[in-house]
Amino acid sequence: MKLMMHKTLWALLLPAAALLSLPVRADLKIDITRGVTDPVPVAVVPFARAVPADGGLDIAGVVQSDLASSGRFRGIDRAAMPSQPTRSGEVDAAAWRAQRADYVVVGRVVAESGGKVQLQFELVNVLTGQVLLNDTVSSPQAAVRNGAHRVADRIFEKITGIRGAFSTRIAYISVDGSPPNQRYQLLVADADGENWRPAMQSTQPIMSPAWSADGEWLAYVSFENRVAAVFVQRVRTGERRQVSARVGVNGAPAFSPDGRRLALTLSGSTGNLDIYVLDLNTQKLLRITDDPSIDTEPAWSPDGQTLYFTSDRGGAPQIYAAAPQAGARARRITFGATYVARPRVSPDGKMLAVVTQDGSGFHVGVVDLASGQITALSRGTLDESPSFAPNGAVLIYAGRDRGQGVLATVSTDGTISTRLKSDQGEVREPVWGPFAQ
Amino acid sequence: MERLHALRAEERKLKQRTLIALMMAVALLGAACKSKPPVIEPPAASGETVISAANPNAQSSGVATVNAGTGTSSPGALGPDGPLGSQRVIYFDFDSSDIRNEYVDVIAAHGRFLAGNASVRVRLEGHTDERGSREYNIGLGERRAQTVRRALALQGVQESQITTVSYGEERPAAAGSDENAYSKNRRVEIVYIN
Chain A
1 MKLMMHKTLW ALLLPAAALL SLPVRADLKI DITRGVTDPV PVAVVPFARA VPADGGLDIA
61 GVVQSDLASS GRFRGIDRAA MPSQPTRSGE VDAAAWRAQR ADYVVVGRVV AESGGKVQLQ
121 FELVNVLTGQ VLLNDTVSSP QAAVRNGAHR VADRIFEKIT GIRGAFSTRI AYISVDGSPP
181 NQRYQLLVAD ADGENWRPAM QSTQPIMSPA WSADGEWLAY VSFENRVAAV FVQRVRTGER
241 RQVSARVGVN GAPAFSPDGR RLALTLSGST GNLDIYVLDL NTQKLLRITD DPSIDTEPAW
301 SPDGQTLYFT SDRGGAPQIY AAAPQAGARA RRITFGATYV ARPRVSPDGK MLAVVTQDGS
361 GFHVGVVDLA SGQITALSRG TLDESPSFAP NGAVLIYAGR DRGQGVLATV STDGTISTRL
421 KSDQGEVREP VWGPFAQ
Chain B
438 MERLHALRAE ERKLKQRTLI ALMMAVALLG AACKSKPPVI EPPAASGETV ISAANPNAQS
498 SGVATVNAGT GTSSPGALGP DGPLGSQRVI YFDFDSSDIR NEYVDVIAAH GRFLAGNASV
558 RVRLEGHTDE RGSREYNIGL GERRAQTVRR ALALQGVQES QITTVSYGEE RPAAAGSDEN
618 AYSKNRRVEI VYIN
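Taken in order, these protein sequences are the chains called A and B. The first sequence begins at 1 in this note's numbering and counts up one residue at a time. The second sequence begins at 438 in this note's numbering and counts up one residue at a time.
If we strip away everything but chain A, and leave its shape as in the complex, we get (with noise of 0.2 Å):
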């Protein structure tokens, strides 16, 4: 990270959720709401373990469940595996194949010295014999999960062609309690949900979460102190640092791709959002736009040229673009739909997820930029805040159900959609961080 912030500046105070304790566990979990019509059978076999480095997970129940939870896979049941081979060498293909299955994968923890596991494994095409992959993940005892969605990463993108998202993280909004006396929370999962621990806690709201693109640094909105204000915070840590704390609106934090920028929107005494662009080391703040409309939500393409954003200057929000420069001149993005808001930009830099209204209410869908059409993906009817995931084939979302906020995902080409079921009351503004580095 680039942010070389001063470290007088650093408030010393940890966010109160590090000081207190953990609520009960309760974990998101996914559900399949729409898959592929013909999900590719897969066995992963219970790995050989290395008792007590592997610290008593189920390493193959992890990676079988990530990948039927992207809904392009489906597992092979235990109770039904001819045998629990742990090398290629045992696996008898026309036994596997008997059962339905087109690739098994077999592996062992082997315990490292320095606290270290390696998870070695293989994938196995049992319609062909062949042995597509022969890998080792390296991990920490104490991070023996993560190592487990390597592995489902690895093997994803062996039989899909896309980069395998499992071991990356989300970050959300959980909201509990009732009106006017709720807690809110910035919480940060696995992917999968799991292994889940507030950012922080406050009796007043918590918004509009982003990740720095190295996956070290989260910034919000926090009312806190019955304003609004922007923080960013280290997220291995929990330090934090206010940027800013202006009269009037401070809101829609996102860090350039570099991580030494923060868009933001400000209004001033006057109530005129705009957009801005504040220099996290000089503290230098950039006009970008100056328009009596509301222009919000800033999001950064992957290059750092061009800053998407919500204008409703022509009467109803719709998405524009601008150069991150003072007085940089906007052009619109979005036509032929009645609202548009909130862009966020794919890693490619090629569309734009955004919030888009029709008849029957608000969906998330996306914007292709060549082309400029404009497809919902989501079906319910008060959907927001999409996110892509770093290999831009998902996008997690918000959306009501039973009147409470609840997680979603869909793939960006409609087909596949799963729901993250939690018991962590109202959850809500789900932003999906990169790739480890």
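FYI, nobody ran anything at the bench for these hints, they're computed from the structure. Mixed in with the good hints, there may be bad ones.
If you want a taste of the chain B side facing chain A, the calculated C-beta under 10 Å gives, among others [claimed, not checked]:
(1) A582
(2) A612
(3) S620
Residues from chain A that keep clear of chain B, each with C-beta distances beyond 12 Å, as calculated [claimed, not checked]:
(4) S65
(5) T86
(6) V110
(7) T296
(8) R342
(9) Q357
(10) S371
A quick note: this is a predicted structure, and the numbers were derived from the prediction, not measured. For every residue, glycine included, the Cβ atom is placed at its ideal position computed from N, Cα and C.
With chain A's structure known, arrange chain B on it following the hints.
Below, chain B alone, put in the same frame as chain A:
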């Protein structure tokens, strides 16, 4: 900008009505004592109906305090039993920051009180319903708070007496995803802070 023109027209209207506003406020509150309270919900638990019924005299004296503009921040006017206590929420139509006619007098009453009590300060908290994106709704909530701020300024309230904050859809007054809840959530709360 269509919306801005609408706002200026609203302000002109407010200006013209400055004189009658106060009289109407008295009438409105008087009516509240006699029959049902006006269709204004208190922000939280303070039971407006009960107060109106239980202590009509407190309301009358509260109005007198406002009317006189004596320069004292009378607890009678500001407290939950006073007229300004029971009418601290301004509700808005969908996707609108225009002040409805029914609230012109309420805002005028607050404006007169604040103009006559320069040491009293208010925070205007703008809110929206849950529809649409969250940060855009922060913008809409701010727009509503600014409309009320300008209306108060027209009554002679000093800039230094007013701060605004927009919570967008983050702090709903009512739970639920129907128009009944939405109508209670599209609001500006006038919060007296000293």
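Here's how the hints hold up against the structure:
no. : hint : result
1   : A582 : holds (7 Å)
2   : A612 : holds (6 Å)
3   : S620 : violated (15 Å)
4   : S65  : holds (31 Å)
5   : T86  : holds (49 Å)
6   : V110 : holds (47 Å)
7   : T296 : violated (5 Å)
8   : R342 : violated (4 Å)
9   : Q357 : violated (8 Å)
10  : S371 : holds (23 Å)
Hints 3, 7, 8 and 9 from the earlier list are contradicted by this structure; the remaining hints agree with it.
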